[in-house]
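Participant: Now for the letters of each chain:
Number of protein chains: 4
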Amino acid sequence: MDCEIPVKQVHLHPGMKVEELIRVMEKAGAYNGGALTRAVEITGTMFGREDVTRFFGLAGAMVPAGMGGIVSDLIENNYIDILVSTGANLTHDIIEAIGCHHFRGTEKCNDIELRHDEINRIYDVYLPNESFIRFEEFMQDIFSKIPDGTVISISDLLAHIGSHLSTGILATAARKNIPVFCPAIQDSMIGLQFWLYRQTHKITVDAFGDMSRIIDRCFAAPVAGAFFVGGGVPKNYILQSMLMTPRGFTYAVQLTGDRPDLGGLSGATLDEARSWGKVDEDAKTVTVYGDATITFPLIISAVLEKKP
Amino acid sequence: MDCEIPVKQVHLHPGMKVEELIRVMEKAGAYNGGALTRAVEITGTMFGREDVTRFFGLAGAMVPAGMGGIVSDLIENNYIDILVSTGANLTHDIIEAIGCHHFRGTEKCNDIELRHDEINRIYDVYLPNESFIRFEEFMQDIFSKIPDGTVISISDLLAHIGSHLSTGILATAARKNIPVFCPAIQDSMIGLQFWLYRQTHKITVDAFGDMSRIIDRCFAAPVAGAFFVGGGVPKNYILQSMLMTPRGFTYAVQLTGDRPDLGGLSGATLDEARSWGKVDEDAKTVTVYGDATITFPLIISAVLEKKP
Amino acid sequence: MDCEIPVKQVHLHPGMKVEELIRVMEKAGAYNGGALTRAVEITGTMFGREDVTRFFGLAGAMVPAGMGGIVSDLIENNYIDILVSTGANLTHDIIEAIGCHHFRGTEKCNDIELRHDEINRIYDVYLPNESFIRFEEFMQDIFSKIPDGTVISISDLLAHIGSHLSTGILATAARKNIPVFCPAIQDSMIGLQFWLYRQTHKITVDAFGDMSRIIDRCFAAPVAGAFFVGGGVPKNYILQSMLMTPRGFTYAVQLTGDRPDLGGLSGATLDEARSWGKVDEDAKTVTVYGDATITFPLIISAVLEKKP
Amino acid sequence: MDCEIPVKQVHLHPGMKVEELIRVMEKAGAYNGGALTRAVEITGTMFGREDVTRFFGLAGAMVPAGMGGIVSDLIENNYIDILVSTGANLTHDIIEAIGCHHFRGTEKCNDIELRHDEINRIYDVYLPNESFIRFEEFMQDIFSKIPDGTVISISDLLAHIGSHLSTGILATAARKNIPVFCPAIQDSMIGLQFWLYRQTHKITVDAFGDMSRIIDRCFAAPVAGAFFVGGGVPKNYILQSMLMTPRGFTYAVQLTGDRPDLGGLSGATLDEARSWGKVDEDAKTVTVYGDATITFPLIISAVLEKKP
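Chains as they are written, first to last, in numbering that gives the first Met the number 0: chain A, 0 to 307; chain B, 0 to 307; chain C, 0 to 307; chain D, 0 to 307.
Derived from the structure by calculation, the hints contain no laboratory data.
Since the list can't tell identical chains apart, any single copy or any two copies may satisfy a pair.
Calculated pairs, DSS-like style, for lysine-lysine (alpha carbon to alpha carbon, straight line, at most 30 Å): (1) LYS26 with LYS175; (2) LYS107 with LYS7; (3) LYS7 with LYS175; (4) LYS26 with LYS107; (5) LYS283 with LYS305; (6) LYS305 with LYS107; (7) LYS7 with LYS283; (8) LYS283 with LYS107; (9) LYS26 with LYS7; (10) LYS26 with LYS16; (11) LYS283 with LYS175; (12) LYS283 with LYS26; (13) LYS175 with LYS144; (14) LYS305 with LYS175.
Note that this is a predicted model, so its numbers are computed, not measured.
Produce the entire structure from the sequences given, and follow the hints as far as they go.
Facilitator: Structure follows, in structure tokens:
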């Protein structure tokens, strides 16, 4: 065991750039603060190498918290090649794209009063019911543009939606031709709207219509990198797709608020992923435990400075 | 604000039954220990009333940790009417049902050595690769019994699998005719096996083929109760299905290791669910924070005693 | 790496004893559920061996949650030889011993209203201000029995208090002649009361008056075992006292709600303690992550059954 | 309930200053990311008002992780008027001040090998045993400068130590005449060294010698603000001292990795503190949950920019 690199005490000064802050945190290098600086390093490498295919997993209620803007910018700037998301994030992305808003509220509230005021709560974010009325109008109209009898994959359905929007994750992904996978699309307001539409129309969404598409991207990647915000289905779906290939990910960064000792995949370390071969034996990986509304913007703003 | 019910100090004695332990913990009644006793109370009511339709959400790596036995027993004894699960739990259920095992390991290990030894790790549980070879044989054989050209829903696919097994969750559910929903079936080894099979066969899994089935159960329920082990897709799918009806759940218990302040649904309180109408204004609900490998067996063994 | 002991699925039945439940959980043996059964095993060994000196660390607001009764019973039944506690737990122990109560409340409350109602909140436990008025009367009276000019150690001060009480931790410890250490006694209501008394009286509490006493017990122990509820000062004080001796603890069990990756001692693993020599290289140790209001009564009730 | 301030999606660009990042995070404003921006706001106000007496609580293993540099700079720049710390942080501060170092290691290690290599581990930080040998020499020498027969308070003992050091927290505090309180000084390596010294010398550390000093500062404060890194004794000691006065804190910021539902003070919300009157009814308070090695440097660097 070696004692070679001393922890340097952190000293700050007015007017620091984010990247400067990361550099002094890196010299300290301990606990999740240290992990965060390694995430900046690995993400910077992943974003800087042209030969890396970049998978991005998006879970947790990130769009309601304003993190969707970072994701759509990353797509815009070619830092995401494949996006896997929960249905909820895409639902909230559409809600913003059609001009509705999430609002800053408080978790110290009376949920029954909120119910009476027709406000839905996501921790300290409020979303008025009327957004869902406008969402329904938009979605039913969008679905009506798909010819009856169509069999469609989930990513094609999402691209169809995105092509009718001008801002946000789905819009940018559609414009940049980046596939958005969402294995559990039914488990979202998008899914409920589709179910409503299907009561009177015949469209089939092929649950397995996307698997070859993502697995082919895994096979085709000269080098593969993954960035996970949260765990859930997106994390597992990305990792298991790589499992079909002879190699694993070369780079992997995860931001999670969970903990490993509960056994669930969302909190599992990326070392555990090595035993499965999801991640290469010598892959550069790091897990940053904490709230992604802090760690995600901090990491990405530092990476952008290193790799403008 | 009232100060009426004093906290009673807990006194234990040798030979206590689980239900006795819960009764003394109930008299203390604070923090998650108190919440756990309220979970026993609510679950007991839910299990005791004949008119309650009981939804059960299963997330987290529970079957590898031995919790699947409790779930299949609950189905056997008519305490679960609708099961929503992650694909991983069902994969591991099949693995055990075909005679393979998970093994007790340690998280203090070298994952690269595990990789070389062909052992996959789930925190401190080990699963040899060879299980997946036997799993593949079984699954490919099972799928081959489905006629080419079939369009099938996920729950029917799972019932088909369960009907060829004799023990475990899927087997018991199939025998008892209890629907098992798994919106993100693709996101699992079952999904990967199905993708393999589909390379050379034509079966379509209709992603939305199950939604009416679960929503109809929500509409039909005279009274609805939900028990959530973990969050993820199962929790959201159950709650959103109820959202389509004029009422919400009357009873809801969740066991989760997550925390509410990160905004994600898995850690969200059931009070938050009141604002959405997923849970009734006057519903009896409780969240027990902690590892479900402790809280789940403890709660159920106490409930069984109260309600044998 | 070995795959020898299969995880057995848990099956429950009505009327189980706590110890039976632990036995089926032990056969599953994963995550914190498995850790808890190992805690039962280690604690049972520690309690069963006559030659083990048993140190007990008590942190977290355990007495307000009713856990104090378990601690005083353990002292009564000779399962604790040295107790190290936070000042808060001893304050609340005195409050109950003089006939006041903590009350079951709710965390979903308005703290400003509570303030107006003169109720102090500890998560979902309420404590009326008037308890502190009776506490003040009692404490000032107790202190007045100490002759002016006395120089006293903290443990002697606590024994003096305990000798004037008939129930609870301090009373039982005083009666059984078990030392209670509380290094940060100033940091509690007991401390504030003492400060008040000292405004007009001359008693000196020697901050270091107890150190030889606890370190001597470490030296004298043929075999040493530690049980930690929570972390904080009690955990560190017990571990550092052993550091002065050539050996470390042979047995150690900790129940904590913290997490290791934040670097703090409260969440640190007992493996980390091995590097310091606080715990022996081949010591039997286990950490159970979770709320001690669940894990503590569960473990102790199972241990009592094994070791009545 | 109002829906007035929309969540703005976060957009980042290369070259952002920390304060710019905070401003875009503030416009999103949700979960702990939003809480962090409110912490910047409140801390900025606290640091900007000349009439605020600023209390600072330091818990958790912060100095080994390089966070001590920020604390000593805050003292240097008059942003801390009263410091309350754990003994461990001060021990590690002395170790660095006498020229020893902490080293960047890994938590994925063999603690028995570390033991053999004479390296002590604090999560992923390594500290060689030899540091403690040099620490012992320094401490014994420092103590020898105190005349036998002295009765000393803990803060005077710490000021005495600091006056013989040239860098770090204790040195800066001594030079700036800022009191450092450490109620549980015995519970640290400083304490163990003092115990060793006292075997052959007669110095009495008066456990209660400091209480009037901190409570007087509470009484004298025209306006009081508190900044807590971690919980533990420092948090409680600061809050309880204010409890003696008719008012509570006007400003309070806490950074903690704990959670409220376990009942312990370290994870307790500052709203709970309102019920006790520790914090004023209309106080500006915020809790940021997460690892302070991330949140502390981020907040302070943003505050310095606003208030250079």
